[in-house]
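Engineer: In case you want the letters, here they are:
There are 2 protein chains.
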Amino acid sequence: MALRKITFLPHNKTIAVPTGESILHAAMEAGVYVQASCGGEGLCGKCRVAIESGDVDETPSEHLSGEDRENDFKLACRCRVKSDLVVRIPAESEIDATVLGKFMSPRVTARIRHTNIEELKSRGLFIPPVEKKYLEMAKPTADDNLADTSRLISYLKTQHHEHRLVVELPVIRKIPDILRAACYKVTATLTRPVVDDGKTHISNIEPGDTSHRNYAIAVDIGTTTVYGQLIDLHSGEVLSEHGDFNGQISYGEDIISRIMITEKPGGLDKMHEVLIRSINGIIDRVIGSSTVRREEISTITLAGNTTMTQILLKINPRYIRRSPYVPASTLYPQIRAIDLGLDLAVHATALVYPNISSFVGGDIVSGIMGSGIYLSKRLSLFIDIGTNAEIVIGNRDWLTCAACSAGPAFEGGGIQFGMRADKGAIEDFLIDPCTLAPMIRTVGDVRPKGICGSGLINMVANLFETGIIDNLGAFHRDLHSKRIRERDGVYEYVLAWSDETQIGRDIVLTENDIENLIRAKGAIYSGCQTLLEEVGLKISDLDRIFLAGGFGSQVDVEKAMTIGLLPEIAPEKIRYIGNSSLLGARLCSLTNRVRKDVVDVMKKMTNFELSETSSYMEHYVAALFLPHTDLDLFPKLKSRLQARKTNCAAQAG
Amino acid sequence: MALRKITFLPHNKTIAVPTGESILHAAMEAGVYVQASCGGEGLCGKCRVAIESGDVDETPSEHLSGEDRENDFKLACRCRVKSDLVVRIPAESEIDATVLGKFMSPRVTARIRHTNIEELKSRGLFIPPVEKKYLEMAKPTADDNLADTSRLISYLKTQHHEHRLVVELPVIRKIPDILRAACYKVTATLTRPVVDDGKTHISNIEPGDTSHRNYAIAVDIGTTTVYGQLIDLHSGEVLSEHGDFNGQISYGEDIISRIMITEKPGGLDKMHEVLIRSINGIIDRVIGSSTVRREEISTITLAGNTTMTQILLKINPRYIRRSPYVPASTLYPQIRAIDLGLDLAVHATALVYPNISSFVGGDIVSGIMGSGIYLSKRLSLFIDIGTNAEIVIGNRDWLTCAACSAGPAFEGGGIQFGMRADKGAIEDFLIDPCTLAPMIRTVGDVRPKGICGSGLINMVANLFETGIIDNLGAFHRDLHSKRIRERDGVYEYVLAWSDETQIGRDIVLTENDIENLIRAKGAIYSGCQTLLEEVGLKISDLDRIFLAGGFGSQVDVEKAMTIGLLPEIAPEKIRYIGNSSLLGARLCSLTNRVRKDVVDVMKKMTNFELSETSSYMEHYVAALFLPHTDLDLFPKLKSRLQARKTNCAAQAG
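These protein sequence lines map, in sequence, to chains A and B.
Under the numbering used here, the first residue of the first sequence carries the number 11, and numbering increases by one thereafter.
Under the numbering used here, the first residue of the second sequence carries the number 11, and numbering increases by one thereafter.
Looking at chain A on its own, in the form it has when it is part of the complex:
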């Protein structure tokens, strides 16, 4: 997609955005404040800008006055970029130029890291756990009447150097007829062992040469959503992808409620069945949108948190939620997909990611494999923020992990107007430090309905850096604005007035919300500190950060550092890897090395139960500030805050 250069005046800030991007988006990306309270739906008519040069695609709006039209103003949210542009922000949106660029920074999202299948190939690692081998065998004669299975094994040895082979009974049943029907030209499917000295299973046999048609499905089983990808094991490409809600959602949103249902009579069977139905739905969709036939799928790799994994395998998860929080197992044997109820052929093998503990599950193991932090000598922090937050710190020599009791604040839980990053969620936010008027952008550019995780982080970071809230998250009491008010003894900031919203109520951010966010980010930050301290290291020793999880791609990493969620680190050292669990599952489908490495990773991994680690509570309490009690941990923010103070003093003086 072609990038266009947009220069905003009078700030004189330039940013590159793709053709077709709205000017409101571009301004937000550039950190340029434009009044906007309808989320980008074109209803409030506030985001007026003047196009000084260049072309835009404009959707007409009745919210512009005749005078605005005469002055050649357009609504930023209704204009899409066609060429390089120079855009002037009118005075009403413009904040004091002297503070511009001081604490209004362009949004910095983490760079997205893509898996490089070519790299996998060049390293000789593109050897899927399930491979197909084509064979042309001599027909048996009186002098050479080896058993059919022995003949197959013997040719696999001589033609493909395959050893330590075992054949499963369902395959033995097919061999005699297929050999003869196919004139002894057949394709054998080989399922590799996890360990080098294990056995390779001959899991299928087909007539003729089908070695170029070999497919896998990778699945991430989230508590909320299930994602699947169909993978061509010949080319390594993702052929199709689909995500859907985990059908269990109607039985309760969080893990605990799901476990409670499994404890009722028939509950485990029910939860298993609902989950399998969701996965089967995804299997249908990824196959349906491809030219692959169901029986060409050789393997399905599944990664999920410990509870989801146990429900998938129909293992009672009741003890996961009971002290001392013991899971049933960490490793699981490979099994036939049909034995789990999955709608695949009888020969399809299911590979299930291992768990580390009750709270650090297969999704995290999968994420570790997907991020590759276990391969590097550099010290990496891996954070997966979903319904809960898990962190992993380590390198190729050692690994530590912990689940943080962060709670669901980042998914909107415990926040008065919190919601998931669905349509209408405020995901981006800037504030005019003088008027305290907000600039908001919502998912889908519609009138706001609530606040999602990345929006929450941006708001609190903005409010803190502009001095509207203090380092305890409390609003300064001396700001005289109708947007800051007290309700039932709690201060709140009005993001959108009721008539600007979809819900007919004022959407506010309360001090309670901010407190919840501070607790959540404090749990994660102090978790990192504790893990590092346990291995004798400090935050400043971190070389890289990997962000995973649904919310990570939109989050402004500078803002996440401002609130003290992420350690302060150069933004280019942060990578966003998206759904790391799905990525890990895909990698596992593509290279058997990952399955072998998992066993090593499990051995190198030390799991910390933070609640049982004595220093954790101390770190946690110290982290319940914006960004932290110890500002020296955030030197760049410290200097920005000092600059603002100087600036304010100068302005006041």
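Some hints could be false.
Since the list can't tell identical chains apart, any single copy or any two copies may satisfy a pair.
[To be verified] Only pairs whose alpha carbons sit at most 30 Å apart, straight line, appear in this in silico DSS-like list of lysine-lysine: (1) Lys131 - Lys15; (2) Lys614 - Lys149; (3) Lys131 - Lys195; (4) Lys606 - Lys433; (5) Lys167 - Lys209; (6) Lys648 - Lys167; (7) Lys606 - Lys387; (8) Lys209 - Lys614; (9) Lys184 - Lys613; (10) Lys23 - Lys614; (11) Lys209 - Lys613; (12) Lys548 - Lys655; (13) Lys15 - Lys646; (14) Lys209 - Lys195; (15) Lys274 - Lys184; (16) Lys613 - Lys195; (17) Lys655 - Lys149; (18) Lys149 - Lys274.
Treat the hints as calculated values from the structure; they're not laboratory data.
No experiment lies behind these values; they were computed from the predicted model shown.
Starting from the structure of chain A, add chain B where the hints point.
Structural biologist: Showing chain B alone in chain A's frame:
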């Protein structure tokens, strides 16, 4: 059982028999001819003997005349031995004393070889493939919250030195609840790998200590009959045993007819189902006659010929009967018993004996393991005579095997009055060389219905050694006896007149019958010769013979040598091991060493297709004589025959 000494006069032959044995039996054992044509039922009244000293239990009979009573005669078949006896055979039964002891020899049956469980124990081999281990584990705590399965594995390592463990999914599902319900005191069932570097599977877990209750079932699947034994894996004892017809019998008596049914639509499923029903019937019976509960059975070992094995595993056997006679597989993976339809608990493992070829099946492999010929440096011949005959020759360094197209003569097939060794089958026979009157004994001491395999061998050997038939099996045409007659151009010998039988017809042995027997024994003998020749050895190099199969226990091994079925060897070097297939299956249940050794045996084994071995036909044609064209292969018989000739010449002179 106390043995009593019986001396027969005027022969002055003494034999030891158990108390309660009938005098007719004892005479037969001693090779002492007594007139007897009703098979021992007490109806013909011919077997009169005088008890000169000692006590007998006599059942009164109306078939003794008043004169007989006055002379103190009793019927030999109605008197049972109570003490040492001296018995005189009256003149009518007495054959010329000069020929006595020359070609009437006591019956020599092979010594029965029993498995010595104590020996197995002392050699440290009493380690069943499925063992139980009791564990007392510490409860998990916050500091020690290993996953349940990891805890189990860890304690198995430290308390029982178990390594390379894997846990199956159905067991993982049970572990969490059982650990807690049993206060972490549990018994784990371990299924051993076949190879040393394989994995041990944890196949079950039970609360408390059940390690002393561990049972196995061993099954021999014959084409005709199925036998099962329930084995205590703690003591090594056989607790119960049961045999029954293979339900497939109603679909055809031989292998070929069974295969033909499997080729029809639904036929394989049907044959599988019928077989499984037979096995399940036996499982019910062996469990029912014990105090063992079904779920205490950890393993079932099954041995059968290649066709039965493939039907058991639901593998289409159609190519077994088609040139070049290729079986589906030789080795089979271990599987869950319930996956075969066997009525055992979900955790019971089925171990299936491997096959060598289409015609040398798991029953023979099992027999090799049961006989132990693969362990000795001595050169052994193993012969299993059932519906067909298989031979194995070898020692601990090498093994060869072949299936002989002997046909079913030894089971009564192709013999005019042939039958299995059921009640009424003539199984023992002596002839008065002067009157040509027979002495017959039947299974169950009832009037005769037909002739079984051991009876047939005894008859032909007797007729040959007494000079009544020649070395081609033809009756001498100059013997003037109403018992030898011609019918439709075929000579025959009348064993019992119609009024002496259960069937109301004369029971005869025809020249055709003898010819069939000669072909059958010729196929086996020449098979042995061919195998030996292929490895550069001769018949005289054989150190030992193991006889297996249903008919072997009653067969008079000297007589079997006389007809040229067995190579001439000292009788004490012949062992009868009974149902060797069942024995092998039992051994495999008792010691995992056998399962490991099977793999070695399979590697050491060379299978000969006799029809493809050039020298076989030559050997076969030379063996179509009594005992053989080359009488020097049977030196003892040769000298007996020469002695008889001299004797006859002397009598004639």
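Engineer: All hints are to be evaluated individually against the structure, with a verdict given for each.
Structural biologist: Cross-check of the supplied hints:
| no. | hint | in the structure |
| --- | --- | --- |
| 1 | Lys131 - Lys15 | neither (37 Å within a copy, 87 Å between copies) |
| 2 | Lys614 - Lys149 | between (50 Å within a copy, 24 Å between copies) |
| 3 | Lys131 - Lys195 | within (28 Å within a copy, 50 Å between copies) |
| 4 | Lys606 - Lys433 | neither (41 Å within a copy, 64 Å between copies) |
| 5 | Lys167 - Lys209 | both (13 Å within a copy, 23 Å between copies) |
| 6 | Lys648 - Lys167 | neither (66 Å within a copy, 54 Å between copies) |
| 7 | Lys606 - Lys387 | within (19 Å within a copy, 45 Å between copies) |
| 8 | Lys209 - Lys614 | both (24 Å within a copy, 23 Å between copies) |
| 9 | Lys184 - Lys613 | between (39 Å within a copy, 25 Å between copies) |
| 10 | Lys23 - Lys614 | neither (48 Å within a copy, 83 Å between copies) |
| 11 | Lys209 - Lys613 | both (22 Å within a copy, 19 Å between copies) |
| 12 | Lys548 - Lys655 | within (29 Å within a copy, 109 Å between copies) |
| 13 | Lys15 - Lys646 | within (28 Å within a copy, 113 Å between copies) |
| 14 | Lys209 - Lys195 | within (24 Å within a copy, 33 Å between copies) |
| 15 | Lys274 - Lys184 | between (42 Å within a copy, 17 Å between copies) |
| 16 | Lys613 - Lys195 | between (43 Å within a copy, 27 Å between copies) |
| 17 | Lys655 - Lys149 | neither (88 Å within a copy, 57 Å between copies) |
| 18 | Lys149 - Lys274 | between (58 Å within a copy, 25 Å between copies) |
Hint compliance for this structure: hints 1, 4, 6, 10, 17 are broken, all remaining hints hold.
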